[in-house]
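Let the sequences and hints guide you as you build the complete structure.
There are 2 protein chains.
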Amino acid sequence: MHNALAEKFGIKYPIFAFTPSEHVAAAVSRAGGLGVLGCVRFNDPEELDATLNWMDENTDGKPYGVDVVMPAKVPTEGTAVDLDKLIPAEHRAFVNRTLDELGVPPLSDDVEHATGVLGWLHSVARAQLDVAFKHRPALIANALGSPPKDIIDEAHSHGVPVAALAGAVAHARSHVENGIDIVIAQGYEAGGHTGEIASMVLVPEIVDAVGDSSTVLAAGGIGSGRQIAAALALGAEGVWMGSYWLTAAEYRLGSAADGTSATQRALLAATSSDTVRSRIYSGKPARLLKTKWTEAWSQPGAPEALPMPLQNLLVAEAHQRIVASENPDVVAMPAGQIVGRMNEIRPVADTMGDLVAEFEATVARLNNLGG
Amino acid sequence: MHNALAEKFGIKYPIFAFTPSEHVAAAVSRAGGLGVLGCVRFNDPEELDATLNWMDENTDGKPYGVDVVMPAKVPTEGTAVDLDKLIPAEHRAFVNRTLDELGVPPLSDDVEHATGVLGWLHSVARAQLDVAFKHRPALIANALGSPPKDIIDEAHSHGVPVAALAGAVAHARSHVENGIDIVIAQGYEAGGHTGEIASMVLVPEIVDAVGDSSTVLAAGGIGSGRQIAAALALGAEGVWMGSYWLTAAEYRLGSAADGTSATQRALLAATSSDTVRSRIYSGKPARLLKTKWTEAWSQPGAPEALPMPLQNLLVAEAHQRIVASENPDVVAMPAGQIVGRMNEIRPVADTMGDLVAEFEATVARLNNLGG
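For the record, the sequence lines run as chains A and B. Heads up: the first sequence is residues 39 to 409, going by the working numbering. Heads up: the second sequence is residues 39 to 409, going by the working numbering.
Worth flagging that the hints you see were computed from the coordinates, not collected in a lab. Small disclaimer: the values here were computed from a predicted structure and weren't measured.
No more than 27 Å apart at the CA atoms, straight line, and that leaves these computed lysine-lysine pairs for DSSO-like:
1) 322/A <-> 123/A
2) 187/A <-> 172/A
3) 172/A <-> 100/A
4) 330/B <-> 322/A
5) 330/A <-> 322/B
6) 187/A <-> 322/A
If you want the footprint, here are the derived chain B segments under chain A, 3+ residues with CB under 8 Å:
7) 230-240
8) 253-266
9) 271-281
10) 306-312
11) 376-385
Computed beta-carbon distance windows for the label pairs:
12) 145/B <-> 215/A: 46 to 56 Å
13) 217/B <-> 406/A: 26 to 36 Å
14) 99/B <-> 403/A: 24 to 34 Å
15) 160/A <-> 402/B: 37 to 47 Å
16) 117/A <-> 131/B: 50 to 60 Å
17) 290/B <-> 48/A: 50 to 60 Å
We put the CB at the ideal spot given by N, CA and C, even for glycine.
Structure (structure tokens):
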């Protein structure tokens, strides 16, 4: 599976793994892919700095990337307290009523209440990037379109390529004009922020549209070597996998004492039909695991989601309560349709081995049909 | 591209082409694929009989298939006149008002008014199959789930395999239990009746679920050799392509004197973003070209679509008026996201040649990455 792109990054396989977990990201890099740490959860730059120190020390000198989330349209800036004032009372009442109806208890008094994700504010993402450049990122990715030009220029001045997501050809063309090095063609089936065009159509369209101006990774629906072979058949030079790592053994965010979390148990039980594309997580359309929580927002009488960044601030404490309640039926988690193939908690190295072996078997099988 | 499935059908390539046009179906069969004639438009069995006579004489002895549409839940039976009485007046008023607003003129007095599609009534589909078995179909496909058991048995008694669409693993499992020979995994991106799971995820899921019990074709988003290679990488043994043949040079349904139609001009101009999944064509969710007509049905105040078969009877005359108006902005046509790659009117044989050549180039490219 080694190709020119892998060679360029100094990795064995062109498998890029987006994950909010530094443990998973490091394990992917050690196993021959490129682990890309999602930074949006780090409201505190010092916490990110410490985490990247850990990455530097736990990746055996292998490259890794970092991922920020800067929306093209700069969202309303402000502290969490200021922004909180913009949230309508009826939205808060709906959230509290829904949590009560779903049997999600309030937080106990001794727990510090979460402020919500501020990483998609440009000010916070810039602080995250300032920290990142003090380390040795091999890639800066923006999980929403092109970042501002000065960020691209700064990354290039450090010799670091920049990647951006695209859900349509027009986005990809715009990224290339903005100087983006790697376009991640994110299909409809992907978890998190996603558009409406499925990978089978989107990937070759974007490959044809950008030509030699940019490298294309395929994202969405990938969790097996057959799917990697399909993505490369469609013309991508590598794959960007996100959801699939949420059930990695190394993933520990939100875990209880036994090592797994209610979220992981919900992911293991879900089929490919158990996701929904909704604005309730961040304010922009994102594919989430379908649970009683997401269903409540699609009932008659439920309010419309607020714009980014307000929606996540609205539901931040709800997410914290949901995690604490440890109920797999009430989970708030971005996940793609590949969740139907996530049926086991496995170490990253085992998964990587299977992906590569199945890819090679698939290519051999196809080769018997060519010519 | 020749494989065991192609061998079994006596065709060169495992490319199955669904089309309502006998001219396109015959051209595909002559070019080495399997043309599958959509019968749902034939309310009159004698017209179908004459068309299949034409197919018998114009396929150079090559095999072809026929496609009917029998919903699993038997729809309300009745003549067009009886069924018409079940359509609410407010729905009729909305259709007439919308056509007026879109500038679609009434039919001239000398035109015979269409009754609408009755082919999805079981009684009509059975009559179509009675006709088909007098000819030499190599495949009976049902474009909606398993047909009734006696139909499957009759096909098998003629030595004809039966195919059915599946949009989820559960449908595929049920098809296998019902004795279906070929499961067509129809992804979200497909034109016409379709589910919510994209091909990248759906195809390998269905392949794994049915195992050796059935053959799997991939449908949805296929219009290039790269996409055929991707479908086969995902584990399908062949592909089922529908939308892509709507811009074949041989396609003549609804054409004006110059040989093309407003529908074809609309298809040529559309991008992959210009489709919508809606119940307004047949009463069941189907992906259509997005036009001013489909947009009108998603405006506030528009009525909900009626169940099958009433919805198509409701819009039958509207469809006829739309075709007569020859306005590419107001078109009512099932089409998949692959429409973005349909940019030229081309003879079927040229398209087939390109599909095969690009498939072989793709396999050769992948082969350099394997091992």
